[in-house]
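There are 2 protein chains.
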Amino acid sequence: MADRPLKELDWKTPLEAARKPSLNQIAKTGICGIMDPISPGLPPGSDTATLALLGYDALKVYSGRGAFEAVGSGVDVLPGDVAFRCNFATVDNNLVILDRRAGRISNEDASKLAESLQKIKLKKSSNAVFFFKNTIQHRAVLVIRGAKLSTAVSDSDPEKVGEKISEIKPLDESPEARVTGEILKELMQKFHQVLKQHPVNKERVRRGLPRANIILCRGAGTIPKIKSLSQIYDTNAACIGAAPLIRGVCKAAGMKLIDVKGATGTPQTDFMAKAKATVQALKTNDFVLLHVKATDVASHDGNIKQKIELIEKIDSMLGYVLNNINLNETYLAVTADHTTSSVTRNHEGDPVPIAITGPYVRRDDIEEYDERECAKGGLNRIRGMDLMPTLMNLIGETKEFGA
Amino acid sequence: MADRPLKELDWKTPLEAARKPSLNQIAKTGICGIMDPISPGLPPGSDTATLALLGYDALKVYSGRGAFEAVGSGVDVLPGDVAFRCNFATVDNNLVILDRRAGRISNEDASKLAESLQKIKLKKSSNAVFFFKNTIQHRAVLVIRGAKLSTAVSDSDPEKVGEKISEIKPLDESPEARVTGEILKELMQKFHQVLKQHPVNKERVRRGLPRANIILCRGAGTIPKIKSLSQIYDTNAACIGAAPLIRGVCKAAGMKLIDVKGATGTPQTDFMAKAKATVQALKTNDFVLLHVKATDVASHDGNIKQKIELIEKIDSMLGYVLNNINLNETYLAVTADHTTSSVTRNHEGDPVPIAITGPYVRRDDIEEYDERECAKGGLNRIRGMDLMPTLMNLIGETKEFGA
Numbered sequence: 001m002a003d004r005p006l007k008e009l010d011w012k013t014p015l016e017a018a019r020k021p022s023l024n025q026i027a028k029t030g031i032c033g034i035m036d037p038i039s040p041g042l043p044p045g046s047d048t049a050t051l052a053l054l055g056y057d058a059l060k061v062y063s064g065r066g067a068f069e070a071v072g073s074g075v076d077v078l079p080g081d082v083a084f085r086c087n088f089a090t091v092d093n094n095l096v097i098l099d100r101r102a103g104r105i106s107n108e109d110a111s112k113l114a115e116s117l118q119k120i121k122l123k124k125s126s127n128a129v130f131f132f133k134n135t136i137q138h139r140a141v142l143v144i145r146g147a148k149l150s151t152a153v154s155d156s157d158p159e160k161v162g163e164k165i166s167e168i169k170p171l172d173e174s175p176e177a178r179v180t181g182e183i184l185k186e187l188m189q190k191f192h193q194v195l196k197q198h199p200v201n202k203e204r205v206r207r208g209l210p211r212a213n214i215i216l217c218r219g220a221g222t223i224p225k226i227k228s229l230s231q232i233y234d235t236n237a238a239c240i241g242a243a244p245l246i247r248g249v250c251k252a253a254g255m256k257l258i259d260v261k262g263a264t265g266t267p268q269t270d271f272m273a274k275a276k277a278t279v280q281a282l283k284t285n286d287f288v289l290l291h292v293k294a295t296d297v298a299s300h301d302g303n304i305k306q307k308i309e310l311i312e313k314i315d316s317m318l319g320y321v322l323n324n325i326n327l328n329e330t331y332l333a334v335t336a337d338h339t340t341s342s343v344t345r346n347h348e349g350d351p352v353p354i355a356i357t358g359p360y361v362r363r364d365d366i367e368e369y370d371e372r373e374c375a376k377g378g379l380n381r382i383r384g385m386d387l388m389p390t391l392m393n394l395i396g397e398t399k400e401f402g403a
Numbered sequence: 001m002a003d004r005p006l007k008e009l010d011w012k013t014p015l016e017a018a019r020k021p022s023l024n025q026i027a028k029t030g031i032c033g034i035m036d037p038i039s040p041g042l043p044p045g046s047d048t049a050t051l052a053l054l055g056y057d058a059l060k061v062y063s064g065r066g067a068f069e070a071v072g073s074g075v076d077v078l079p080g081d082v083a084f085r086c087n088f089a090t091v092d093n094n095l096v097i098l099d100r101r102a103g104r105i106s107n108e109d110a111s112k113l114a115e116s117l118q119k120i121k122l123k124k125s126s127n128a129v130f131f132f133k134n135t136i137q138h139r140a141v142l143v144i145r146g147a148k149l150s151t152a153v154s155d156s157d158p159e160k161v162g163e164k165i166s167e168i169k170p171l172d173e174s175p176e177a178r179v180t181g182e183i184l185k186e187l188m189q190k191f192h193q194v195l196k197q198h199p200v201n202k203e204r205v206r207r208g209l210p211r212a213n214i215i216l217c218r219g220a221g222t223i224p225k226i227k228s229l230s231q232i233y234d235t236n237a238a239c240i241g242a243a244p245l246i247r248g249v250c251k252a253a254g255m256k257l258i259d260v261k262g263a264t265g266t267p268q269t270d271f272m273a274k275a276k277a278t279v280q281a282l283k284t285n286d287f288v289l290l291h292v293k294a295t296d297v298a299s300h301d302g303n304i305k306q307k308i309e310l311i312e313k314i315d316s317m318l319g320y321v322l323n324n325i326n327l328n329e330t331y332l333a334v335t336a337d338h339t340t341s342s343v344t345r346n347h348e349g350d351p352v353p354i355a356i357t358g359p360y361v362r363r364d365d366i367e368e369y370d371e372r373e374c375a376k377g378g379l380n381r382i383r384g385m386d387l388m389p390t391l392m393n394l395i396g397e398t399k400e401f402g403a
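Protein sequence lines correspond, in order, to chains G and W. Residues in the first sequence are numbered from 1 upward in steps of one, following this note's numbering. Residues in the second sequence are numbered from 1 upward in steps of one, following this note's numbering.
One or more of the hints may lead you astray.
Which copy? The list can't say, so a pair holds if one copy fits it or any two copies do.
In the DSS-like style, the derived pairs of lysine-lysine whose C-alpha atoms are separated by at most 30 angstroms in a straight line are [claimed, not checked]:
id: 1; residue 1: Lys-399; residue 2: Lys-227
id: 2; residue 1: Lys-169; residue 2: Lys-227
id: 3; residue 1: Lys-225; residue 2: Lys-60
id: 4; residue 1: Lys-276; residue 2: Lys-28
id: 5; residue 1: Lys-376; residue 2: Lys-164
id: 6; residue 1: Lys-399; residue 2: Lys-305
Bear in mind the hints are in silico, worked out from the structure with no lab data behind them. None of the values given here were measured: they were computed from a predicted structure.
Produce the complete structure using the sequences and hints provided.
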C-alpha cells in the first residue's frame, strides 16, 4: 500500500491520491505514526516483514522463504525438511530463460503439470521423498524430506530473463549440503524431462502460450524455531489471507488459517468476503490478521491506476469492518508490511504508515491515513517488531517486565 | 554544526541564527529529521560518530582512536598492529607535565624530532618494529608491529598539566599485554633520552620556547574488523576531508581518500576547493563524504561568532554543490557527526539535524535546516547507523532481506 511520491500523481503517493474515507476515519479516531518493518532503509521481503509485524526479531529467526511458502500452501513441513519456492518458467533449448513465469500460467494448467511431476520417483539411493505443489499461477513449492538435509544449496533460478538457469551447488562442505544438492539436481532434471513432452505444453503451444517447460527453484528454507503467539501472549490468533507466504508465516506463529471463498491473493480477490470473515473471526479470536496482497502486486507491475483502485477497495473493505465491530472493545490497526515503489517496482526501505484506533489510545490530530500525514502522528517512528507488543498491551495481554 | 540554544543568540542555536539559503533549500526540497549519531544522550567522538554515519555499529566495532588517527595520517596499520595517538609535550626533571602540547610546536620542529625518533632501535628480543610520525603541530602517531601484541596497555598521558607522566602497565594478564607494555615503555624511555639532548630543543630554549622533551601516548587501538562499504553495498565511495581521524575511519571503511589543496581541517580550510572536489568526485564515485571540521573547532573554542560565520561558509560551499550536481539523479544528505556545545565546549548527546533531498524522497513541509525545525520533519528521529542504509536504499544499492 505504501509508496514513494510519484510524478504521475503530481508528487503524491497512491495512498495520498486515493479516496479513502474509512482509512481516514481510523487515522482520525486513532494514533498514527510511521513504522520501519525491520529497520530504516532495509527493504524487507513479505516473509521477514510479516514475522516482524507478528513481533518476532526477523533478523534473528528468519530461516528462508521456502518453508513458509510450502506451509502456507498446505504442504506439511516438518523439522529437518528443506523447502523451496518454485516457478513454472519457459526456457529455450540452451536452458536460457525466456519467461520466468511461463506467461503467468493458469492454475488449471499448473495443477495438471504438478500432478505429473509429483509422480516422478527419486533414485532409491537418495533415501528421500519430495512433495511438489503448485499454488497460484506460476508459483509452486517443493519440499524434500530425508534423513540428513541442509539448506546450504544454491538456487537454480538466476531471477533474470535472458540468463541460463544456474547450476545447483552445495554452499558448504558438509555431506548434508552435497546430498541435498544432488537430490535437487536430480529432481530439476527429471522435472524438465517430464515438462518438455507434457501434453499440457503441446496444447499451450497450439494456443500461442509460452511452454512451462522448466521448474526454477530458490530460497531453500526450514521451519524457524519460534514460540507461537499463544505461548507468548496467551491469545488465540487467526489469519485471513490467501498469499501462501503470509499464511506460512502465520502458521509458523501458531495462528489458525481461515479459508475464505473468493480470497485469491491477487487483485481480483473478494475484498468483501475477507471483511465478513474478519468480523466473524473476531467473535472467537483475540487477534485477527487480515492481509491483502493485491496492492503489492499492482506495485510490482508499476500499475499506479490499479494500485489506487485497490487501495479504494481496501478502504471499502475496512468500512465494512468498522461498521460491524464494536470499537469500544476492539482495536483496529492498519499498516503495510513494506513500501513497494511503483517506479523501481521493488520493495523499498522507506517506512510504512500505521494507525491504531480503539479505546484509550492516545488519539492524535492526524486526519488522513497516508505516508506523510501519519509521519506527524503520536506514535512517531516505531519498528515492526514493536507493533505486536503495543497491540497486545492495549488488549491487556502483556506481562510486566520487572516489578 | 549542531549546538544547544545560546543566551548570546537570544536562545537561538548558531544554526538557527546563521544565514543559510542553501541549507534551507535542501530542507525545503527534501525530507528532514533529527538523528542520534550513536544513541540518545551519548556524546560521540568524531571517530565513533563517523563510523556510525557510515553504517557501522560503533558500539560493537570500535577499537580505539589510535589506529584511525594513524591510518588517516598516512601511516599503514595492518591487522595486529597496535597504534597510539601521541603528543610532543614538555616535562620537568621529575617528569611532571608543564605543557601537554610543547607550546603547540611547529610542524617543522616536530618533523625534525620525529625523524630522529624513528631512527631508534628496539631491543632485538622485543621482536617488533615501530613507526612514529608527527601530524599537525604537537600531534603524532605511533604504530607498533610485532608477532603478538595487545591494546590492553595503559596510557603514559595523564591528560593533565601538573601531573607526573603515568607509568605504562599491561591492563590484563595476557602475555601479549605484558610484551606490548614492555615495548611501549622501552620506546617512551628511548624517545625521552633522544629528545632531551636534541639540537632542536636546544634551539627552542634559545628562542624562549618550551622544549618538546617527551612523547605522551594514549588510546591504544587496532584496525577494526569491518567490511568495506564496497563489500556491503557494492558501491565505490570516496572521502573529502582533511582531519586525519575522519580520513582514518573512511580508509578503514575502504573509501578512497581524495586530497584537496587548501583543505586543512581547520577554520581556515578552503571550502570552495572542497566543493569543487566533491562535484568532481561525484562523477566517478557512487558515494562521496564531504567532511568539514571547522565548526567543531569553533565550538570547542566557544567562539559563537566564528561558528556562525563558518556555518555560512558551509552554506556557500553547499550552494556550489547544489548548482553543479543534477538533483534528478543525485541524492544530497546534510548532517553533523555530533552536537558540540559552545557553552560546555564539549561534544554533547543531543541529536543532530538531518535533511535528504533527491528524486522520490517523501518531501515534507520543513523549510529551514536547523535543530528544531528538522525535528518536525518526515524522518522523525533516526540513529546514525540508519542513515547509510536509507541512502543506499534510495540509490538502489540495498538487498532485500527475505523474499
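Status of each hint after checking the structure:
1. Lys-399 / Lys-227: Close inside one copy (16 angstroms) and across copies (28 angstroms); limit 30 angstroms.
2. Lys-169 / Lys-227: For Lys-169 and Lys-227, the Cα distance is within 30 angstroms only across copies (26 angstroms; inside one copy 32 angstroms).
3. Lys-225 / Lys-60: both (10 angstroms within a copy, 21 angstroms between copies)
4. Lys-276 / Lys-28: Classified as within; 23 angstroms inside a copy, 45 angstroms across copies.
5. Lys-376 / Lys-164: neither (48 angstroms within a copy, 50 angstroms between copies)
6. Lys-399 / Lys-305: Between copies only: 27 angstroms across, 45 angstroms inside.
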